[in-house]
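Undergrad: Chains as they are written, first to last, in this note's numbering: chain A, 1 to 220; chain B, 221 to 440.
None of these hints come from the bench; they were simulated from the model. None of these values were measured; they are calculated from a predicted model. Hints are not guaranteed to be accurate.
Claimed, not checked - Coverage of chain A stretches by chain B, computed from C-beta distances (three or more under 8 Å per stretch; other residues unrestricted):
# : region
1 : 28 to 41
2 : 105 to 112
3 : 137 to 149
4 : 183 to 195
5 : 199 to 211
Stated by the list, open to error - Calculated cross-link-like contacts (lysine to aspartate or glutamate; reagent style DMTMM-like; alpha-carbon spacing at most 25 Å):
#  : chain 1 : residue 1 : chain 2 : residue 2
6  : B       : Lys321    : A       : Asp113
7  : B       : Lys396    : A       : Asp208
8  : A       : Lys101    : B       : Asp403
9  : A       : Lys88     : A       : Asp180
10 : B       : Lys321    : A       : Asp183
11 : B       : Lys321    : A       : Asp180
Unchecked claim - Okay, the calculated beta carbon distance ranges per label pair:
#  : chain 1 : residue 1 : chain 2 : residue 2 : range
12 : A       : Ala138    : B       : Asp291    : 36 to 46 Å
13 : B       : Ala267    : A       : Ala138    : 37 to 47 Å
14 : A       : Thr108    : B       : Ala267    : 49 to 59 Å
15 : A       : Arg179    : B       : Glu362    : 17 to 27 Å
Backbone N, C-alpha and C define an ideal beta-carbon position, used for all residues, glycine too.
Number of protein chains: 2
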Amino acid sequence: MKIGIFGTGVVGSTIGSALTRAGHEVRMGSRTRGNDKAVAWVGAAGANASEGTFADAAAFGEIVFNCTRGDAALAVAAQAGAENLAGKVLVDVSNPLDFSKGFPPTLTVLNDDSLGEQLQRALPGTHVVKALNTLTAALMVEPSRLSGPHDLLICGNDAGAKATVTSLLRESFGWKIVRDLGDITNARGTEAWLLLWTRLYGHLGTPDFNLHLETSGGAA
Amino acid sequence: MKIGIFGTGVVGSTIGSALTRAGHEVRMGSRTRGNDKAVAWVGAAGANASEGTFADAAAFGEIVFNCTRGDAALAVAAQAGAENLAGKVLVDVSNPLDFSKGFPPTLTVLNDDSLGEQLQRALPGTHVVKALNTLTAALMVEPSRLSGPHDLLICGNDAGAKATVTSLLRESFGWKIVRDLGDITNARGTEAWLLLWTRLYGHLGTPDFNLHLETSGGAA
Chain A
1 MKIGIFGTGV
11 VGSTIGSALT
21 RAGHEVRMGS
31 RTRGNDKAVA
41 WVGAAGANAS
51 EGTFADAAAF
61 GEIVFNCTRG
71 DAALAVAAQA
81 GAENLAGKVL
91 VDVSNPLDFS
101 KGFPPTLTVL
111 NDDSLGEQLQ
121 RALPGTHVVK
131 ALNTLTAALM
141 VEPSRLSGPH
151 DLLICGNDAG
161 AKATVTSLLR
171 ESFGWKIVRD
181 LGDITNARGT
191 EAWLLLWTRL
201 YGHLGTPDFN
211 LHLETSGGAA
Chain B
221 MKIGIFGTGV
231 VGSTIGSALT
241 RAGHEVRMGS
251 RTRGNDKAVA
261 WVGAAGANAS
271 EGTFADAAAF
281 GEIVFNCTRG
291 DAALAVAAQA
301 GAENLAGKVL
311 VDVSNPLDFS
321 KGFPPTLTVL
331 NDDSLGEQLQ
341 RALPGTHVVK
351 ALNTLTAALM
361 VEPSRLSGPH
371 DLLICGNDAG
381 AKATVTSLLR
391 ESFGWKIVRD
401 LGDITNARGT
411 EAWLLLWTRL
421 YGHLGTPDFN
431 LHLETSGGAA
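Bound conformation, chain A alone:
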């Protein structure tokens, strides 16, 4: 599959590399073609990797992953161009974190709105699926790092888009428990999780953790 990635940071390069290893063709997008970090990533990720502008990555991908910082996500979507994303799936991995007052961060949007919804409103012709924003990058692409069962929470308005994303996450990354919470407004829940996640990170001393939902039916 041809996949676009927005963002050259740890999340974008981790997801991009894992997708190339799984046999996908991946184009990493940034503000300008030839970005140092994107070029270095292409060199490391090999023949399935390429780089370009956000618009290049959007036009290239059948699916696109938004791995930018939360405060850049809407501007990046505009730079990528709604026409390049029309009819496609945009997996939004970003969180609206504000570190301006230090750690733990606050959220710039929450409670009765979410960044996932803002992206969906900005790109009405695109199927936004919120996913992977609930855990650290290494675990996004290799859930087997944790020995016990643990859960991925996704949401979005389009059932077909969520099925496509779920299949990709299962087949390319090995996810076993993928819970579809419903429409994109559920991003209000999975983004708010970051207010607890950051504190659990402080408590545990490692980002290498995830939640598992224990139910009265026993382990899922």
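Start from chain A and add chain B according to the hints.
TA: For chain B alone, kept in the frame of chain A given last:
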């Protein structure tokens, strides 16, 4: 141990009954002595149970559980009287939920403040411990309803108060994994969990669930 309960709803009566079964003397407080629901609870809970005003319950308890609705918590603390709670532990089980726009609710305070902190500021001479607000009432007092491991998250400024509450929860309710996240500002995290909890409730179709933190060290 002598324990006070603020609130006559499901949470207050569930916690109160479980504490009487564990051998504690429990006084349920409400706005007026002789409240119908409090009297009915005393009749059901037996010899270790009594009822009175919020001030009566506060004066009676060595530990007090706040089980009111979030939007009543500060007014109840004022009615109970700071002098009746001075030097004591107040376990805050409430959440600042706003159902005025339906389900799922929003929170009336979050992100850079929390109800737990508001209570602590209102009662500077009391040790507020945020606990049990992250799960449904039946599970608060009987965590063994779920077969697998799952975690209770608590926080508060006073280490001794947290140790007292942790011992009580282990011995009287059977909690095994109690995670102390740190000072009371961590209530911003455990209260924000409700924005996800309410959506997981919708997804699972039952409130009988809790989170377990899966870490790279395996099950806790």
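Undergrad: Work down the list of hints and note, for each, if the structure agrees.
TA: Now for the hints, and whether the structure bears them out:
1. Note: the region 28 to 41 of chain A has 0 residues with beta-carbon separation from chain B under 8 Å; the three-residue rule is not met and the coverage is violated.
2. Remark: the region 105 to 112 of chain A is confirmed as covered by chain B, as 5 of its residues place a Cβ nearer than 8 Å to a Cβ of that chain, reaching the required three.
3. Against chain B, the region 137 to 149 of chain A contributes 5 residues with a C-beta closer than 8 Å to a partner C-beta. That satisfies the three-residue criterion, and the hint holds.
4. With a cut-off of 8 Å between beta carbons, the region 183 to 195 of chain A has 7 residues touching chain B; three or more are needed, and the interface restraint holds.
5. Note: the region 199 to 211 of chain A has 10 residues with beta-carbon separation from chain B under 8 Å; the three-residue rule is met and the coverage holds.
6. Only pairs whose Cα atoms come within 25 Å are accepted, and Lys321 (chain B) paired with Asp113 (chain A) is accepted, the gap being roughly 13 Å.
7. Among the hinted pairs, Lys396 (chain B) with Asp208 (chain A) is consistent with the structure: their alpha-carbon atoms are about 22 Å apart, no more than 25 Å.
8. With a C-alpha separation of about 18 Å, the suggested pair Lys101 (chain A) and Asp403 (chain B) falls inside the 25 Å cut-off, and the hint holds.
9. For the proposed pair Lys88 (chain A) and Asp180 (chain A), the alpha carbon gap of about 19 Å is at most 25 Å, so the pair holds.
10. At most 25 Å may separate the alpha-carbon atoms for a hinted pair to count; Lys321 (chain B) and Asp183 (chain A) meet this at roughly 18 Å.
11. Simply put, Lys321 (chain B) and Asp180 (chain A) have alpha-carbon atoms about 23 Å apart, close enough for the 25 Å limit, and the pair holds.
12. Hint check: Ala138 (chain A) to Asp291 (chain B), Cβ distance near 41 Å, so the stated range 36 to 46 Å holds.
13. Against the hinted window of 37 to 47 Å, the Cβ-Cβ separation of Ala267 (chain B) and Ala138 (chain A) comes to about 56 Å, which falls outside the hint.
14. Remark: the range hint 49 to 59 Å for Thr108 (chain A) to Ala267 (chain B) is upheld by a beta-carbon distance near 54 Å.
15. Checked against the hint of 17 to 27 Å, the pair Arg179 (chain A) and Glu362 (chain B) passes, with Cβ atoms roughly 25 Å apart.
Checked against the numbered hints given earlier, the structure breaks hints 1 and 13 and satisfies all the rest.
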